[in-house]
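Generate coordinates for the entire structure from the input sequences, incorporating the hints supplied.
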Amino acid sequence: MEAWFIILVTLCVCVLIRAILFSLHKKTITIPPGPPHIPIISSILWLRKSISELEAVVKTLHAKYGPIITLRIGTEPTIFIADHSLAHQALIQHGSLFANRPKDGGFKILTNNRHQINSSSYGATWRTLRRNLASQMLHPSRVKSFSGIRKEVLHTLLTRLKSDSESNKSIKVIDHFQYAMSCLLILMCFGEPLDEGKVREIELVLRKLLLHFQSFNILNFWPRVTRVLCRNLWEQLLRMQKEQDDALFPLIRARKQKRTNNVVVSYVDTLLELQLPEEKRNLSEGEISALCAEFINAGSDTTSMSLQWVMANLVKYPHVQERVVDEIRNVLGERVREEREVKEEDLQKLPYLKAVILEGLRRHPPGHFTLPHVVAEDVVFNDYLVPKNGTVNFMVGMIGLDPKVWEDPMAFKPERFLNDEGFDITGSKEIKMMPFGAGRRICPGYKLALLNLEYFVANLVLNFEWKVPEGGDVDLTEKQEFITVMKNALQVHFIPRI
Numbered sequence: 327m328e329a330w331f332i333i334l335v336t337l338c339v340c341v342l343i344r345a346i347l348f349s350l351h352k353k354t355i356t357i358p359p360g361p362p363h364i365p366i367i368s369s370i371l372w373l374r375k376s377i378s379e380l381e382a383v384v385k386t387l388h389a390k391y392g393p394i395i396t397l398r399i400g401t402e403p404t405i406f407i408a409d410h411s412l413a414h415q416a417l418i419q420h421g422s423l424f425a426n427r428p429k430d431g432g433f434k435i436l437t438n439n440r441h442q443i444n445s446s447s448y449g450a451t452w453r454t455l456r457r458n459l460a461s462q463m464l465h466p467s468r469v470k471s472f473s474g475i476r477k478e479v480l481h482t483l484l485t486r487l488k489s490d491s492e493s494n495k496s497i498k499v500i501d502h503f504q505y506a507m508s509c510l511l512i513l514m515c516f517g518e519p520l521d522e523g524k525v526r527e528i529e530l531v532l533r534k535l536l537l538h539f540q541s542f543n544i545l546n547f548w549p550r551v552t553r554v555l556c557r558n559l560w561e562q563l564l565r566m567q568k569e570q571d572d573a574l575f576p577l578i579r580a581r582k583q584k585r586t587n588n589v590v591v592s593y594v595d596t597l598l599e600l601q602l603p604e605e606k607r608n609l610s611e612g613e614i615s616a617l618c619a620e621f622i623n624a625g626s627d628t629t630s631m632s633l634q635w636v637m638a639n640l641v642k643y644p645h646v647q648e649r650v651v652d653e654i655r656n657v658l659g660e661r662v663r664e665e666r667e668v669k670e671e672d673l674q675k676l677p678y679l680k681a682v683i684l685e686g687l688r689r690h691p692p693g694h695f696t697l698p699h700v701v702a703e704d705v706v707f708n709d710y711l712v713p714k715n716g717t718v719n720f721m722v723g724m725i726g727l728d729p730k731v732w733e734d735p736m737a738f739k740p741e742r743f744l745n746d747e748g749f750d751i752t753g754s755k756e757i758k759m760m761p762f763g764a765g766r767r768i769c770p771g772y773k774l775a776l777l778n779l780e781y782f783v784a785n786l787v788l789n790f791e792w793k794v795p796e797g798g799d800v801d802l803t804e805k806q807e808f809i810t811v812m813k814n815a816l817q818v819h820f821i822p823r824i
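For the sequence shown, the numbering used here gives the first residue as 327, with consecutive numbering after it.
Because the hints were derived from the structure by calculation, they are not lab data. Take these hints with a grain of salt, some might be off.
To be verified - DSSO-like, lysine-lysine: derived pairs with alpha carbons at most 30 Å apart:
#1 Lys813 - Lys642
#2 Lys730 - Lys385
#3 Lys495 - Lys675
#4 Lys477 - Lys675
#5 Lys739 - Lys675
#6 Lys524 - Lys495
#7 Lys805 - Lys524
#8 Lys488 - Lys680
#9 Lys675 - Lys773
#10 Lys488 - Lys385
#11 Lys477 - Lys429
#12 Lys477 - Lys488
#13 Lys582 - Lys773
#14 Lys534 - Lys813
#15 Lys773 - Lys470
#16 Lys739 - Lys793
#17 Lys805 - Lys495
#18 Lys813 - Lys498
#19 Lys773 - Lys524
#20 Lys793 - Lys642
#21 Lys669 - Lys793
#22 Lys669 - Lys488
#23 Lys675 - Lys568
#24 Lys758 - Lys680
#25 Lys642 - Lys477
#26 Lys568 - Lys606
#27 Lys680 - Lys498
Just so you know, these numbers come straight off a predicted model, no measurement behind them.
Have a look at this one:
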């Protein structure tokens with residue numbers, strides 16, 4: 327009995343000593359380094375900067391302080407990580423700790439009280455929404471069922487491009503790409519094709535929200551105060567939210583009335599049936615509208631812009647374009663003359679095409695930052711303290727251009743992705759680039775995005791020779807909006823291939 331008592335006391339003392347030592351150690355740990363902070367003033371100055379301005383400052387601070395830095399943006403510290411191994415530690419090895427999202431005031435309005443996959447807190451609601459999207463819309467069998475829609479959209483795009491090519495003028499192709507991707511995603515979302523006027527209306531409303539997204543950041547800093555001080559901005563946010571609902575509500579209601587007769591299962595159909603586990607209720611009309619907007623935005627603007635970046639590089643480097651065409655012709659054989667179409671089942675036989683897409687995403691990822699992550703508790707990371715509710719951003723653009731990982735990182739070299747092992751874009755084993763994020767919050771539609779890019783690029787180069795206008799050049803200068811766009815949109819001549 328005495329022996330057990332001694333053992334128990336010894337264990338208790340050990341636990342107590344360890345707790346004391348950990349507490350003392352924790353007090354000595356500081357947040358990552360960064361510039362001096364002036365309360366309130368510094369936060370307002372940072373919030374007023376554009377994404378481009380903020381990125382330039384953050385790059386300078388990384389050069390000075392190292393791969394992990396802190397800025398005081400808003401009420402909590404904001405940490406920026408620009409190292410691929412640290413990103414892997416945070417998002418893969420300790421993914422659950424870094425999986426939350428900010429509880430921003432303006433953000434809650436845009437996302438209908440955070441009932442979107444990207445904005446939901448890490449928990450039951452997020453799992454339900456993401457599982458519904460993954461199983462009902464992004465499962466391989468469901469993606470395959472939409473192949474006819476992709477073919478139809480491709481045919482419309484090629485017809486429009488061919489018509490424009492007859493004018494013998496240089497063509498701004500991004501408008502065609504955006505319209506094609508919007509048609510595709512809207513059809514998947516609502517189950518029926520819409521006339522061009524309605525598609526353009528939805529495009530305009532959703533893109534306006536994205537373009538103004540950053541200007542609403544100031545509303546997240548002490549929301550009760552900024553709602554009064556920035557009343558006009560707050561009213562603009564509410565007005566734009568109403569415009570979104572006015573555009574999408576009629577489509578949701580029409581689908582709801584005839585869903586028993588629907589042959590094609592759309593995203594809206596799945597949302598109308600979905601129940602929130604914590605609240606034990608169906609989604610409201612506003613929540614469905616927010617999820618539809620998220621679905622369309624995530625697949626249209628990002629994919630169309632990535633498509634433009636890839637085609638811009640194929641125009642700038644004609645030898646790469648011709649190698650893609652040669653690979654396609656070798657795979658299709660005699661079908662080239664008969665069908666002039668790369669089918670989806672052909673894509674698996676086109677490794678160089680895949681390498682071109684990956685290199686395009688590495689050089690020009692859809693965004694240079696991930697959407698912000700939030701830690702739910704104090705985390706000791708890389709010998710620094712990431713405090714509870716602290717925001718963590720990962721520098722996607724810098725990671726994809728890291729010279730320690732990529733030889734000659736600024737060059738466009740698809741060959742770097744040609745190896746027997748393949749390339750894991752999810753970063754589960756090692757993060758070398760992360761155009762779709764990584765870990766628990768990775769874009770659930772990344773496979774669909776890759777499929778769309780491969781399918782459309784393959785057929786665009788098979789049907790047309792893409793050339794720079796005489797005396798012109800391709801300007802690959804980036805401009806940061808909500809996503810990474812071309813400062814000067816791609817203007818091309820294209821000649822139908824015989």
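Here is how each hint holds up against the structure:
1. Of the pairs offered as hints, the one joining Lys813 and Lys642 holds, with about 16 Å between alpha carbons and a cut-off of 30 Å not exceeded.
2. Under the criterion of a C-alpha separation no larger than 30 Å, the hint pairing Lys730 with Lys385 is consistent with the structure, at around 16 Å.
3. At roughly 35 Å between alpha-carbon atoms, Lys495 and Lys675 are farther apart than 30 Å, so this suggested pair is violated.
4. Distance check on the hinted pair: Lys477 and Lys675 sit about 19 Å apart at the alpha-carbon level, within 30 Å; holds.
5. Note on Lys739 and Lys675: the hinted pairing holds, with a Cα-Cα distance of about 20 Å set against a maximum of 30 Å.
6. With a CA separation close to 28 Å, the supplied pair Lys524 and Lys495 stays within the 30 Å bound.
7. For the given pair, Lys805 sits about 28 Å from Lys524 by alpha-carbon distance, which is consistent with the 30 Å threshold.
8. Note on Lys488 and Lys680: the hinted pairing holds, with a Cα-Cα distance of about 25 Å set against a maximum of 30 Å.
9. A threshold of 30 Å between alpha carbons decides the hint, and for Lys675 with Lys773 the separation of about 17 Å falls inside it, so the pair holds.
10. Among the hinted pairs, Lys488 with Lys385 is inconsistent with the structure: their alpha-carbon atoms are about 43 Å apart, more than 30 Å.
11. Distance check on the hinted pair: Lys477 and Lys429 sit about 40 Å apart at the alpha-carbon level, beyond 30 Å; violated.
12. Our distance criterion of 30 Å between C-alpha atoms is met by Lys477 and Lys488, whose separation comes to about 16 Å.
13. With a CA separation close to 29 Å, the supplied pair Lys582 and Lys773 stays within the 30 Å bound.
14. With a C-alpha separation of about 18 Å, the suggested pairing of Lys534 with Lys813 holds against the 30 Å cut-off.
15. Simply put, Lys773 and Lys470 have alpha-carbon atoms about 12 Å apart, close enough for the 30 Å limit, and the pair holds.
16. At most 30 Å may separate the alpha-carbon atoms for a hinted pair to count; Lys739 and Lys793 meet this at roughly 19 Å.
17. A distance of roughly 25 Å separates the Cα atoms of Lys805 and Lys495; the hinted pair therefore holds under the 30 Å criterion.
18. The hinted pair formed by Lys813 and Lys498 meets the criterion: a straight-line CA distance of about 13 Å does not exceed 30 Å.
19. With a C-alpha separation of about 28 Å, the suggested pair Lys773 and Lys524 falls inside the 30 Å cut-off, and the hint holds.
20. For the given pair, Lys793 sits about 8 Å from Lys642 by alpha-carbon distance, which is consistent with the 30 Å threshold.
21. The straight-line distance between the Cα atoms of Lys669 and Lys793 is roughly 24 Å, inside the 30 Å bound, and the hint therefore holds.
22. Of the pairs offered as hints, the one joining Lys669 and Lys488 holds, with about 20 Å between alpha carbons and a cut-off of 30 Å not exceeded.
23. With a C-alpha separation of about 46 Å, the suggested pairing of Lys675 with Lys568 is violated against the 30 Å cut-off.
24. A distance of roughly 17 Å separates the Cα atoms of Lys758 and Lys680; the hinted pair therefore holds under the 30 Å criterion.
25. Between Lys642 and Lys477 the CA atoms are separated by roughly 27 Å; this keeps the pair inside 30 Å, and the hint holds.
26. Between Lys568 and Lys606 the CA atoms are separated by roughly 26 Å; this keeps the pair inside 30 Å, and the hint holds.
27. Under the criterion of a C-alpha separation no larger than 30 Å, the hint pairing Lys680 with Lys498 is consistent with the structure, at around 25 Å.
Going through the hint list in order, the structure does not satisfy hints 3, 10, 11 and 23.
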